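Could you put the whole structure together from the sequences, leaning on the hints where they help?
Residue numbers (this note's numbering), protein chains in the order written: chain A, 1 to 104; chain B, 1 to 104; chain C, 1 to 104; chain D, 1 to 104.
Heads up, some of the hints might be wrong.
Identical copies go unnamed one by one, so any copy, or any two together, can satisfy a pair.
Dumping the calculated DSS-like pairs for lysine-lysine here, alpha-carbon to alpha-carbon at most 30 Å [claimed, not checked]: (1) Lys-100 to Lys-86; (2) Lys-6 to Lys-102; (3) Lys-88 to Lys-98; (4) Lys-58 to Lys-102; (5) Lys-93 to Lys-44; (6) Lys-6 to Lys-93; (7) Lys-89 to Lys-100; (8) Lys-58 to Lys-98; (9) Lys-44 to Lys-88.
The hints are simulated quantities; they were obtained by calculation from the structure and are not laboratory data. In this text the structure is predicted, and so the values were computed from the model without any measurement.
4 protein chains.
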Amino acid sequence: MDDLIKEINEFRDERDWRQFHNAKDLALSVSLEASELLENFQWKTSEEAIADDLENIKDEIADVMIYSLMLADDLGLSVEAIIRNKIKKNGEKYTVEKSKGKKN
Amino acid sequence: MDDLIKEINEFRDERDWRQFHNAKDLALSVSLEASELLENFQWKTSEEAIADDLENIKDEIADVMIYSLMLADDLGLSVEAIIRNKIKKNGEKYTVEKSKGKKN
Amino acid sequence: MDDLIKEINEFRDERDWRQFHNAKDLALSVSLEASELLENFQWKTSEEAIADDLENIKDEIADVMIYSLMLADDLGLSVEAIIRNKIKKNGEKYTVEKSKGKKN
Amino acid sequence: MDDLIKEINEFRDERDWRQFHNAKDLALSVSLEASELLENFQWKTSEEAIADDLENIKDEIADVMIYSLMLADDLGLSVEAIIRNKIKKNGEKYTVEKSKGKKN
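Here it is in structure tokens:
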């Protein structure tokens, strides 16, 4: 993960793009990329979408993650730490007893 | 990263939630969580949003990543591989010469 | 439509909210409300979502439209004119001959 | 408004597109179009975005409204009624006394 973040930071530093990367526009970009991912599924079942363009689905998941990693890094956050922390919170909110087999 | 995916999968398997996790609804969930992240910045500058609720920003970045990791894993994808591949594609599309210092 | 826009503008002027309503945050708000609408359908079929909470679906469609109407009005646009213009463009892009019965 | 909805319905019926228009995919489409609207503002101030491509902003507001109108119509809803009802609810939630001049 650390290596990935390093590569992403090199990418934007080579292009001098960090000047545009305020947190609000990065969060906005995560949302735009998530929509581009979702667009693969418009008017389609999961199976149809995967059969139609798995390559684009891969690229859009990657874009969502790249912007999320940049935002987290700019905020000084460890993604592993915030993910672990959120899993812990979710585990307390959705206990196994209460949530097993139920859509929440 | 592999450890994180393992923990996320244990979380949903303990709750028997994988039955709901088709790719379309996972992509939809990535988009919903990205909006919850973005909501922190509504009517605010980056600085105001971070000062107001960094804790929620952390949680929502984590949720975006958790759903993205579940979707990637269900599609049999290595997130590291798709991110590296996308950085490579971006590097060809936005060459340093063409893109340096420019919003694309 | 004109009456609706007038009522919406009265609502925000009574609360002195127009100071927050720049175009970027209004567009961002349209997107947030669209996500809240979509959230009704997470992990569900259309039928399940409608049966579960049609009242909330109504409210969220309304919120999407209210923010869209405010943004259009702030930009000096007639929503009827821009909708008619877009239908015309769509008709040229997706001619009946080419598009009949096909997902585009 | 009634005329607009009639024109939109004619458009989709001529193309035999109503078969694809389940409520879930329409809500998903509202969200996708809202993102395309928002994309105009990525890395930009409101003023820059409007100067750069007001034409596209118009088109995307129109698309958001067209999908919202189709979804409302398919659910048997009057958009004027649901908007008026939501303004009323908002007025009770955000009273003038409590909300004047405050971001909520």
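The hints, checked one at a time:
1. Lys-100 to Lys-86: within (19 Å within a copy, 36 Å between copies)
2. Lys-6 to Lys-102: For Lys-6 and Lys-102, only the inter-copy Cα distance (21 Å) is at most 30 Å; the intra-copy one is 40 Å.
3. Lys-88 to Lys-98: For Lys-88 and Lys-98, the Cα distance is within 30 Å only inside one copy (16 Å; across copies 37 Å).
4. Lys-58 to Lys-102: both (29 Å within a copy, 25 Å between copies)
5. Lys-93 to Lys-44: This pair counts as between: shortest inter-copy Cα distance 21 Å, intra-copy 32 Å.
6. Lys-6 to Lys-93: between (34 Å within a copy, 20 Å between copies)
7. Lys-89 to Lys-100: within (16 Å within a copy, 36 Å between copies)
8. Lys-58 to Lys-98: This pair counts as between: shortest inter-copy Cα distance 25 Å, intra-copy 34 Å.
9. Lys-44 to Lys-88: between (34 Å within a copy, 26 Å between copies)
The structure fails none of the hints (numbered hints given earlier).
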